[in-house]
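Student: Chain by chain, the residues run as shown.
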Amino acid sequence: MHLSDVIPSRFRINGHQQYALSRWHVGHRQLVQIISLAVVAVVMIPLAYLIIGAVSAGQEGVDYLLRARTLRIVGNSIGLTAVATLCATAIAIPFAWLTSRSDLPGRRFWLVLGLAAMVIPSYLTAVTYAEAFGPKGILQSLLEPFGVDRLPGIKGFPGAALTLTVVTFPYIVLPVRAALLHCDRSLEEAGQSLGLNRWGVFRQIILPQMRPALSTGMLMTALYCLSDFGAVAVMHFNAFTRAIFIQTESFRMDKASVLAILLVGITLVLLLIQSRLQLRGRHYRIGTGASRHLETLPLGKWKIPALIFCAGVVFIGVVIPLLVLFSWLAGHRITDPVQAPLTLLMRNTVGVSAVSALAVTFAAFPLALLAARGGGRFNRWLIHLAYAGNVLPGIVIALALVMFASQHFLSFYQTLPLLIIGYAIRYLPFSIGATESALAQINPRFDEAARSLGLSAWAALMRITVPLARGGILAGLALVFLNVMKELPTTLILRPIGFRTFATRIWSAYDEAFLSSIALPGLVLILVSAFALAIILRREKAVD
Amino acid sequence: MFKHRNVYFVLVFALSCFMLSPVLADDVLTVYSGRNESLVGPILAQFTEDTGIEVEVLYGGTSAVANQILTEGENSPADVFIAQDGGALGALADAGMLHKLPDATIARVANAAFVSPAGVWAGLSGRARVFVYNPEALEEQGLELPNSILDLTGEEWSGLVGWAPTNASFVANVTAMRVLLGEEATAGWLAGMIANGVNAYPKNTPIVQATIDGEVVGGLVNHYYLFRFLAEDPDITATLHFFPGGDLGSLINVAGAAILKTTDQPYDALALVDYLLSDAAQEYFAQSTYEYPLVSTVEPSVDLPALADIETPEFDLSDLADLQGTLELIEESGALD
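In order, the protein sequence lines correspond to chains A and B.
Using numbering that gives the first Met the number 0, the first residue of the first sequence is number 0, and each one after it goes up by one.
Using numbering that gives the first Met the number 0, the first residue of the second sequence is number 0, and each one after it goes up by one.
Read the hints as simulated data drawn from the structure, not as lab findings.
Idealized CB from N, CA, C, for every residue including glycine.
You may find that some hints are simply not true.
What the hints assert, rightly or not - Pairwise CB distance ranges (calculated):
no.	chain 1	residue 1	chain 2	residue 2	range
1	A	PRO336	B	ASP315	53 to 61 Å
2	B	ALA230	A	LYS300	55 to 63 Å
3	A	GLY330	B	GLY153	32 to 40 Å
4	B	PHE8	A	PRO304	53 to 61 Å
5	A	VAL318	B	PRO116	57 to 65 Å
6	B	GLU327	A	ILE265	37 to 45 Å
7	B	PHE8	A	LEU36	56 to 64 Å
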């Protein structure tokens, strides 16, 4: 809102001055738009190159697209996503309810340990599961006394689905739990007074209120499953990301582009379906009323099964991976002749994650400003496009940027800046989202008041708006940092020659079966990620 | 207020400088290696130490890296290509991307079968394709050692064999099959293996590990991986089986090196190739990676049949150059799914 909009022209003391002020303001707005436009232009590079790559494949590309094997990849990816999302939901709802509304002993303890599963990167979880549940793994050795001398192993669909279920269920627990905590107790009481039993209350009153949170969480999970590379690669399940990686690694870019376009299309359809579902129904309170404090429900005889359930989730999600990693740390296997000092890995990983997080935060700020304050069709479009990272899996961005750099910008090929651009495109939405929601809570009048007291637009931004939005900006920063640190496929494809991070180290050690070399980088990565996540969760609690 | 503004600008400036100035100072020798870092990393580090020439190495699968060089074409930053398969080197030679090596370099290799006929690549070390197996598991399953790689499609081997379908040495083995058996028979064998529930691994080492663990009874690998395990623990139960009678499964291949035509450091590149053929480096391949050295002055270190005594199918390594054809065949077979 402009000052000039508020003050009718006849009250203006000096028309000339007013004009100057207004032009100044417009100048800033345009600057923000220009920066945003530049950022969006970079974000659009992958999509443009994918389309070019796929089109240049021509008839061959069409044939490739319609092969039975390509269609099977589609089926594999959709099947895996559906199963993992449903399983994650089935675990997440009771887990969220138990840790928020019941009198389960040690609720906070179970919650934190359960959420810790999201700190372990999918490839690491998958590697440990392949070991633990392998034909001659830990599970088999436990079953040995019962005459089981060989298990079928879990490579393929079961392993991929199990891994993805475990690493994604926290993404549903978080929003559902938040929704449960904000449920309107008086509605439940009204339901009870009208004769509903506990199950009825849950089904008819709590569940509908949870639905928006649930659908958000399920969408995030489904997007994660479609774009995840680590789990399917380790489990040898031929989903899109793995197929694209195999083609990209061998530089068969036209085939890779065709597959990538198809994957992006499927992701878009998913988003479309979700946005349709989201529009239905209202779940907020209409009158003011009195939001009552939530009571915890006694579990009674269900206490033991509930404890077993929570312990089981924590055991599979966190204890098994850690146990396997520690056993590798202690066990003696073939020595890895590759020297990759932990300090070097630490420096590279933390360094590249920090620079990327900063770059993303700076790039996201003008867009978040437009999203929160901008309005107008042009701005809305810019913001929609900036969210492209949500539908572009890491491997797809990497593929497109390799084509872009190796064909046209050779000086960027195999350089750190290109890798960082790759991360930035992928994780820009995280930062925009976090910053925007913080900006939206700041009354624009503060800014206007500061301006009227003589601060320049820039000074008002830096001294009023940014400090007020600091929490959200930092949360976005930490979120990007955490994700870049764990990222695998983009790093593998775009990294400069000889550049190693924890993720690439774990990957190459797995590739050559130097399992003991996985343990230390894996454990340190988990530790640093846990630290970053703790910062994010603390911030979320503060918002609550 | 000034402070805030300065910090902001310094940060933005530093970030943009960093993003916009990829370092181009390139006096580092760029090696694209299709061999694992665990095999060539130590000797490359030794090369830098001895000569002062800095090396940066891109590691990947041999077929993948060969493809990458072909696609990068004129723009390839690679100076030297190290491959674990003569076929991949042949593919680049056919594309006219390799520099001719000096006669003195080529002459280091004792057997003319292990260098490029045109003198554009030189073998560095020899390796035999073998069937690594776990004798206890073999007995447990009541199986007998296969006489031919083609026997592994038999029902008795269902679910008990490991392979690494993206590994270049395996790819070369399949190319050899295409040359000697024809396309259809090769495709039939691949399909038979898959139908038989063959276990896919990313590389050779995991196959040997799986064999030792009893996860599979045996697998198709290069001979030297097992010795690395034996050096750590002489008591492990796994041993090598050479398919007899010149069977397709006992192919002898080389790991080799070549200099790219696009190199901007031909002398450093040549220094590296010569270094890898020096007695010291050949000694390393014999002692540390348990391969067959290819120069006459160095002997293999482990108890292996002499290279000349292994009965192998008859043909030329440069016949294995149709890398793309084999990769397509393997992909079409569904081995990568």
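Student: Which hints from the list above does the structure break, by number from lowest to highest?
Tutor: 1, 6 and 7
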